[in-house]
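Chemist: Protein chains in written order, with this note's numbering: chain P, 576 to 848; chain G, 23 to 269.
Any given hint might turn out to be false.
Said to hold, decoys possible - Lysine-lysine pairs mimicking BS3-like chemistry, simulated, CA-CA at most 30 Å apart:
#, chain 1, residue 1, chain 2, residue 2
1, P, Lys661, P, Lys612
2, G, Lys74, P, Lys738
3, G, Lys79, P, Lys741
4, G, Lys85, P, Lys726
5, P, Lys585, G, Lys258
6, G, Lys77, P, Lys729
7, P, Lys741, G, Lys77
8, G, Lys258, P, Lys582
9, P, Lys729, P, Lys741
10, G, Lys47, P, Lys585
11, P, Lys739, P, Lys792
12, P, Lys768, P, Lys741
13, G, Lys258, G, Lys47
14, P, Lys692, P, Lys726
15, P, Lys744, P, Lys768
16, G, Lys74, P, Lys692
17, P, Lys739, P, Lys662
18, G, Lys77, P, Lys724
19, G, Lys47, P, Lys582
20, G, Lys74, P, Lys729
21, P, Lys612, P, Lys662
22, G, Lys74, P, Lys726
23, G, Lys79, P, Lys768
24, G, Lys85, P, Lys732
25, G, Lys79, P, Lys724
26, P, Lys729, P, Lys739
27, G, Lys79, P, Lys729
28, P, Lys732, G, Lys77
29, G, Lys85, P, Lys729
30, P, Lys738, G, Lys79
The set of hints was computed from the structure by calculation and includes no laboratory data.
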Amino acid sequence: MKETLNKLLKIDRRWLFLLLTFSILIPIIKPIGISSKSISSGVQDTYNFIEKLPEGSTIILSMDYDPSTAPELHPQSAAILKHAFKKNLKVIIMTFLAGSGGLIDEHIRNIPQQYGKEYGKDYVVLPYMPNVLAALTQMSSDIYAIYDKDKDDKILKNFEMMKKIKNYKDISAVIDITGTALLDSWIVFVGDKYGVPVMGGVTAISQVGYGPYLQKKQLKGLIGGMKGAAEYERLISEPGKGTSGIDALNIAHLLVILFIIFSNIVLLILKLS
Amino acid sequence: MEFSTILGAWVAAGLTLFIFSFLYKDNPFFKAAEHLYIGAGLAWHIQLIIYKIIKVKVWEPMKVAWASGNWFTIWMIIIPTILGLSLITQFIPRISWLSRYGFTFMMGYSAGLALPAGLATDFTNQILGTIEPFANIVNLTPGQLINALILLIGSISVLFYFFFSIEHKGAVKKISNFGIYFLMIYFGASFGNTVMARFSLLYGRFDLLVRYSNAQYFYATNWIIVGLVIYFLLEKFVLNKVIAKNS
Numbered sequence: 576m577k578e579t580l581n582k583l584l585k586i587d588r589r590w591l592f593l594l595l596t597f598s599i600l601i602p603i604i605k606p607i608g609i610s611s612k613s614i615s616s617g618v619q620d621t622y623n624f625i626e627k628l629p630e631g632s633t634i635i636l637s638m639d640y641d642p643s644t645a646p647e648l649h650p651q652s653a654a655i656l657k658h659a660f661k662k663n664l665k666v667i668i669m670t671f672l673a674g675s676g677g678l679i680d681e682h683i684r685n686i687p688q689q690y691g692k693e694y695g696k697d698y699v700v701l702p703y704m705p706n707v708l709a710a711l712t713q714m715s716s717d718i719y720a721i722y723d724k725d726k727d728d729k730i731l732k733n734f735e736m737m738k739k740i741k742n743y744k745d746i747s748a749v750i751d752i753t754g755t756a757l758l759d760s761w762i763v764f765v766g767d768k769y770g771v772p773v774m775g776g777v778t779a780i781s782q783v784g785y786g787p788y789l790q791k792k793q794l795k796g797l798i799g800g801m802k803g804a805a806e807y808e809r810l811i812s813e814p815g816k817g818t819s820g821i822d823a824l825n826i827a828h829l830l831v832i833l834f835i836i837f838s839n840i841v842l843l844i845l846k847l848s
Numbered sequence: 023m024e025f026s027t028i029l030g031a032w033v034a035a036g037l038t039l040f041i042f043s044f045l046y047k048d049n050p051f052f053k054a055a056e057h058l059y060i061g062a063g064l065a066w067h068i069q070l071i072i073y074k075i076i077k078v079k080v081w082e083p084m085k086v087a088w089a090s091g092n093w094f095t096i097w098m099i100i101i102p103t104i105l106g107l108s109l110i111t112q113f114i115p116r117i118s119w120l121s122r123y124g125f126t127f128m129m130g131y132s133a134g135l136a137l138p139a140g141l142a143t144d145f146t147n148q149i150l151g152t153i154e155p156f157a158n159i160v161n162l163t164p165g166q167l168i169n170a171l172i173l174l175i176g177s178i179s180v181l182f183y184f185f186f187s188i189e190h191k192g193a194v195k196k197i198s199n200f201g202i203y204f205l206m207i208y209f210g211a212s213f214g215n216t217v218m219a220r221f222s223l224l225y226g227r228f229d230l231l232v233r234y235s236n237a238q239y240f241y242a243t244n245w246i247i248v249g250l251v252i253y254f255l256l257e258k259f260v261l262n263k264v265i266a267k268n269s
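Make a model of the complete structure from these sequences and hints.
Modeler: In structure tokens:
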């Protein structure tokens, strides 16, 4: 008995990798449909804030992530964009991360058409900007001083939706979806300094660190990881990649919890014997 | 479907599987993918600097300013460019002192911009956030009161833990030890979220691998897995024997 348990503790970890692989692959191939009932307060607050904005308001959606964090963050930005278009809000999409170009293209190729939205009238895409601090501070007085053209080199001022936009005073909210610390810059240089409501979408890893900003309402809402994306998709009744990923996450987590409980029981038995 | 899309799917599926193959054992496919990643990453950053920074922020505005004879704009481009280029002199020891000018500008600019705003956001506002609920204590619900108390006790005890100017003994030691529990809860929550984040990334890659295993991508994932399995079998039963025989 003791020998078998000792062997179990020294099991080749590649078997565990294989089990983990199956636990994520099987729900992708054959979705189980495990429902997620709870909605985090940060996600609910973000949804409520956007829901309450009057039609025609302009929001900034800053997509500051690249393919390395896209599985968590891409469903979040898709859900925000869908919600904004449903509510007939105008959206300025921008980025401070060059690697996000393809991901932004993917969204604007698929989402606006579903809601009959037009480029220039309902949304614009700004080009990649390398200096975050310069851009964030400059936009407080005149957006066009730093962004004179859109991503396709067209004069930004000439677009219909931009005619009433000059600086942050004309922006109703900022939502920064990011796998970096750029959300901090939005809070410091835009939210706190100019009073623009800032919300965020971050990876699950960094979610905990934003608790103090949420508590102080420096952040009006926060979406965390794929779970947050799934919750937002549920709120807007648009199931997407976040929802389908929850099955795999649930099974994988269950497996890890089982591993932890099992190995602790084995250790306990060995210790007692 | 376009040929480039199919080729892209094969490259993406191949590189993902080559990297994952390391979980079984080190192999030449993993090494090739690893080196390719470093090379491609470097090339990506170089093209980014040339086409998204130098071309857009220096070359094109300079052409316009030069054509219109706007000397103010020309100098506004030249001065930051020289300061930026001065950073590269670090690689030439003889004139590396020039880089100090660039760094001085960067440090002054960043500190001036970040310090006042950062202090307000991360320091004074957070202190205010911890005390504020008690100014309105009469209107707090029992839940909100408990929440505010936990925050206050947690903040103070953790601050005590990081306060090293007095010896940690007696009451101070007890309070700082209490702070450890709050820190452990924070680390536990962070670790749990990290696990979730890693699984989300794994899900993202597997989702792509499943997509690329479709007929429209000519079963890219399936063929590459078969290829890798054949390689590992050959290595185990043929190559190793040949190597052992020759040595």
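Chemist: Work down the list of hints and note, for each, if the structure agrees.
Modeler: Hints versus structure:
For the proposed pair lysine 661 of chain P and lysine 612 of chain P, the alpha carbon gap of about 23 Å is at most 30 Å, so the pair holds. As the CA atoms of lysine 74 of chain G and lysine 738 of chain P are separated by approximately 27 Å, the hinted pair is consistent with the 30 Å bound. The hinted pair formed by lysine 79 of chain G and lysine 741 of chain P meets the criterion: a straight-line CA distance of about 22 Å does not exceed 30 Å. About 20 Å separates the Cα atoms of lysine 85 of chain G and lysine 726 of chain P, which keeps this hinted pair within 30 Å; it holds.
Between the alpha carbons of lysine 585 of chain P and lysine 258 of chain G the distance comes to roughly 23 Å, so the proposed pair stays at or under 30 Å and holds. With a CA separation close to 17 Å, the supplied pair lysine 77 of chain G and lysine 729 of chain P stays within the 30 Å bound. Between the alpha carbons of lysine 741 of chain P and lysine 77 of chain G the distance comes to roughly 26 Å, so the proposed pair stays at or under 30 Å and holds. A hinted pair counts as satisfied when its Cα atoms are at most 30 Å apart, and lysine 258 of chain G with lysine 582 of chain P qualifies at roughly 25 Å.
With a C-alpha separation of about 17 Å, the suggested pairing of lysine 729 of chain P with lysine 741 of chain P holds against the 30 Å cut-off. For the hint pairing lysine 47 of chain G with lysine 585 of chain P, the CA-to-CA distance comes to about 18 Å; that is within 30 Å, so the pair holds. With a CA separation close to 28 Å, the supplied pair lysine 739 of chain P and lysine 792 of chain P stays within the 30 Å bound. For the proposed pair lysine 768 of chain P and lysine 741 of chain P, the alpha carbon gap of about 17 Å is at most 30 Å, so the pair holds.
Distance check on the hinted pair: lysine 258 of chain G and lysine 47 of chain G sit about 12 Å apart at the alpha-carbon level, within 30 Å; holds. Distance hint between lysine 692 of chain P and lysine 726 of chain P is fulfilled; the C-alpha atoms sit about 18 Å from each other, no more than 30 Å. Only pairs whose Cα atoms come within 30 Å are accepted, and lysine 744 of chain P paired with lysine 768 of chain P is accepted, the gap being roughly 12 Å. Proximity of lysine 74 of chain G to lysine 692 of chain P is assessed by CA-CA distance (about 28 Å); at most 30 Å being required, the pair is judged to hold.
Taking the CA atoms of lysine 739 of chain P and lysine 662 of chain P, the gap is near 19 Å; set against the 30 Å cutoff, the hint holds. Taking the CA atoms of lysine 77 of chain G and lysine 724 of chain P, the gap is near 15 Å; set against the 30 Å cutoff, the hint holds. Proximity of lysine 47 of chain G to lysine 582 of chain P is assessed by CA-CA distance (about 21 Å); at most 30 Å being required, the pair is judged to hold. A distance of roughly 16 Å separates the Cα atoms of lysine 74 of chain G and lysine 729 of chain P; the hinted pair therefore holds under the 30 Å criterion.
Only pairs whose Cα atoms come within 30 Å are accepted, and lysine 612 of chain P paired with lysine 662 of chain P is accepted, the gap being roughly 24 Å. A hinted pair counts as satisfied when its Cα atoms are at most 30 Å apart, and lysine 74 of chain G with lysine 726 of chain P qualifies at roughly 11 Å. Annotation: proposed proximity of lysine 79 of chain G to lysine 768 of chain P holds, straight-line Cα distance about 27 Å (limit 30 Å). For the hint pairing lysine 85 of chain G with lysine 732 of chain P, the CA-to-CA distance comes to about 22 Å; that is within 30 Å, so the pair holds.
With a CA separation close to 13 Å, the supplied pair lysine 79 of chain G and lysine 724 of chain P stays within the 30 Å bound. A distance of roughly 17 Å separates the Cα atoms of lysine 729 of chain P and lysine 739 of chain P; the hinted pair therefore holds under the 30 Å criterion. Of the supplied pair hints, the one linking lysine 79 of chain G and lysine 729 of chain P holds, its CA atoms being roughly 16 Å apart against a limit of 30 Å. Taking the CA atoms of lysine 732 of chain P and lysine 77 of chain G, the gap is near 22 Å; set against the 30 Å cutoff, the hint holds.
Proposed proximity of lysine 85 of chain G and lysine 729 of chain P is supported: the alpha carbons are some 18 Å apart, at most 30 Å. With a C-alpha separation of about 25 Å, the suggested pairing of lysine 738 of chain P with lysine 79 of chain G holds against the 30 Å cut-off.
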